[in-house]
Amino acid sequence: MNIHDHLYLPIPDHPKTQCLDSKTFVTPVLNGSLTIPEIYDEHLRNSSEHPLFIYPRSADGTLRTILWPEAVYAIRRAGLLTLSRIKASQDSVPPSYNPTVAILASSDHISFFAVIMGMIYVGCPVFPISPRNSSQAVAHLLRTSGATHLYVGVEQIFQDTAAAAMELLRESESVEPQIHPMPIFEELFNDENQAEVLSLRASKSPLEAPALILHSSGSTAFPKLIVWTHYHLIHLANIPHYGERDLTGIRNAAPSMPMFHAMGAYQVVWTAATGMILSVFEPKSPATVPTADNAFKHAIDTNSDIIFCVPSFVEAWYENPDYVRQLPKLKGIFFGGAPMNQEIGDALSKIGAPLFSLYGSSEISIIGVFLPKTRCPDWQYFRLSNIVKPEFIPSGEGTSELIIHPHPTHVPTVFNIKRGEADAYYTSDLLTPHPTLPGYWKVYGRADDQIMHSTAEKTNPGPLEKILVKDLHVRHAIMFGRGRFHAGLLIEPRDEHKFDISDTEKLADFRNKIWPTVEIMNDFAPKHSRIFKEMIIVASPSKPFVYTAKHTLRRAFIIDEYEPEIEALYEAVAESTRADIPPPSAGDLSSILDFVRTIITKTLGKLVDDDVNIFEHGADSLQATWIRNTIFHALRTSAQVDTRNFSSNLVYQYPSIRALASFMHDQLSSTPSASNDKTDAKCQDMLQMAEKYSQAFSRHVPSIELPETEAVLVTGTTGGVGAYLLGELLNSAKIARVYAINRKHSSGNPLLDRQKLVLGQVGLDPALASHPKLVLLEADVSEPEFGLGTEKVDEMRTSVTHIIHNAWPVDFNLTLNTFDPQVKGVRNLIDFALSSPLPTPPRLAYISSGGILQGLETGEAKELPVDCTSAVGSGYSESKWVSEKVLTNAAAETSLRPIIIRLGQISGGVNGFWKEKEWLPSMIRSSIYLKCLPVLDQSVAWLPMDTAAKAVVEMRDSNTTFVHVAHPKETPWSTIFAQFSTSLDLPLVPYKKWLECSEDASLRSGGADARENPASVILDFFRAGAMGLRRMSMEEAKKASPTLGDTTIRPLGASDVDLWLSYWRKSGFISNQV
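Mapping to my numbering: the sequence shown position 861 is 861, numbers consecutive.
You may find that some hints are simply not true.
[To be verified] Keeping only pairs whose Cα atoms sit at most 30 Å apart, straight-line, the calculated BS3-like set for lysine-lysine is: (1) K533 / K543; (2) K824 / K756; (3) K744 / K756; (4) K602 / K513.
If you're looking for bench data, these hints aren't it; they were derived computationally from the structure. Here the structure is a predicted model, which is why all the values come from computation and not from measurement.
Construct the entire structure; sequences and hints are all you get.
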């Protein structure tokens, strides 16, 4: 077939269904006069204020928006990077005007999107290969596509697959593509090469030229190529315009749709055609692995309107009552690529969940109405769009085979059949019409028996079954698993090997005999099609296989006959474990590590390091099920731990051997009889970490005189307290230079811009970020030389007189080991101070937390060291204690004189700035929702943020090691909340009553009211009554800080409350109407 035979130009004008009232997005011309890359250039000019991506920042949960210009510049940068790599390797490959570049990666959504579009932009066909393919399949695809370059992801599994594929290409004397690392977000979203980026324009590619190459799931021995030309991309762009919903500005939760899949690749076109916004995970390398849980939470956190997903995700959401209550609030849940469980779909549809079935394929794109205005009462049915020209061929039993003909508004990317003299595409799909609604259809099955799993992955059983029947023990083999998470195998033994299948020993023996052949099949199969030994059913002599007149197996009939056995197998697998692995012999961490290590090794079939992510080394969802169930079984049998409330995503949450072992150790240590042991064990871990970072302190060797002015190195100035610290340091006449170290942000935003933003947020002058005293440094104190290089570190070493270490991630859900880099950073700062040539080492002020005092007995906490047991709890407080211990060890062994500053509860700044996600703002917003405020019989010592920062700077030369920073004048809770009551016109109720109201509201809504009732998310915190830190002695602090020692310091009062409320109203956190 010649593509010129089916070039209909101009493409007919589409209906006006998109961009009906948007002021930021301009609908592009989609008649074929512009290619998609040229349309991207149009949006750079015409849609410059319109978002393309949003994602939540992990640091604070706020949403980062990427507008079209920033995205287009990143796409151009990706194209330029590709061209430079091609040019650099032209000596080793035949020169080509537009070489095909393949991708074997699973990068974050934004980076993958930019790389794909970047290559199309510069005229290079791009070929994203599913990372689930075997190395043999990857080699085949590289060979048949003619790819001369291959981008490979950082994960070990991709590196190994690429290496194995290259070896196969060498053995067959085929062209080996040049391998390059897959570009990451930071390489694309920056200001480098800006002049070249600004001047670049889209390549004027012929419409018939290849733009994007996909592949089938493997309907023959290997997957087949599916080529989308620039002409096909324009047709794809027209599809939403024939739908019934305006998608402009709609947020589509897209992280579960991989970019190497057609549904992911469509997004590069549909966003440009409609102005739809993609909400995705925060860019990371390695990328966040989408699960049912994190995908749904992401959709809610980003206020997404619609979700595109595979059916298995919807089925998982059905198991969570909280999710079920929120599903009807969405505008659409669009699933495709696989069947969904009928009972689950019926139940969700009944409660109003907006389920829509997407119908299409890579060869014909989405040809169901995209997107319907109303949902069909029978959720699994869909209507074909009027863009297509379909033909239905009756195939018996009420089904029809679907054929698609080319048409001016729709042309298939593949033609595989002739109807008379005309080209057409035979879908191999069997459709059945709705019994009462004309024009509605549903997929009955595949004419070629391809198995579609609930994950949207497909298994073609033919080639795999042919491998199995070569085994001398096997007469016939049938794979099953339609609509299931993974595949299974039904084996009919040869007559001489038949046995009583109720004999479990003989069944196990038969599975072992055929297992070498199954392993051969698994080596050939895509990862999602591989068979576990436990997924093999042996046919019963009482249910022999039946055949057609041509002596072929009646596959559908046989699978129906064995449905009870298949159903029982899947139920058993859901509860199964690795029965060959006994529980750990003891509850110590070493024994548990051995146990988990054995599980992982036997499940993966190879040994991996304790700290690596097992999913980066080939683990899949089925293997995660075995691992999870085996750990749960051991917890239940060895310590009677109730595992019913543990997450089904356990292995995704703890994806390494050490993380899983730590989780298991924590559970075994949390039984009542082991609580003391748990505290002791945590203390031991803390002491070991402190010892690890207290080895071989260097001796301070002075060699120069003390400078006349001070220079301060401060960390963490892009946070609230840090911004005020920066302001105080810059305003001090004694300080001549301030080095402000902050880590690079995943957004890629320049540090200067981030510093200006936070200064403005807290009520300070953003111009301070450009102060002549200030040196802003993107660096990481946990790295050698802070990642800055010798020259800059030497400059600081010879001038810095004081260090204020403020940066620390605040996350009370992390374990101590997670904070290892932060403790390492403390040790690096100690070493930096001791390497100073000044007469005495710089004073090192470390910002610790009053939280480490929570475990003390009742009474006022003194400004002294505390035992490790006081800090046991969260990894955050434990890591703070470890750092204190390392500093006091250094002080005992060297001339370093550290100052350990334990901060109490910090309140709002000069403009009322108080981060909305903290507990008090959450309590106030929830109180508005609950229509009452809590009252407590206690006092608070909350210290305004600006006052705290001023005190810290004043303490930089303290004569004592430990100081406490809190408000020296406590205020009764009732005084603060009386003003909240007056300002918000809300009654005060006993704290217990308020807590009951919050719990009841959360129960009634199933957590769906978390936006208006944010306290419901941290109810455990409020149940513990943890609002006030332990009363802290401040005797030494008042001596060191004139501000805290001032007897006229004003206590908190009504004016502070009004300031906080004013800020929250301005930020939109609470309504101006209250």
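Of the numbered hints stated earlier in the document, which are not met by this structure? Result: no hint breaks.
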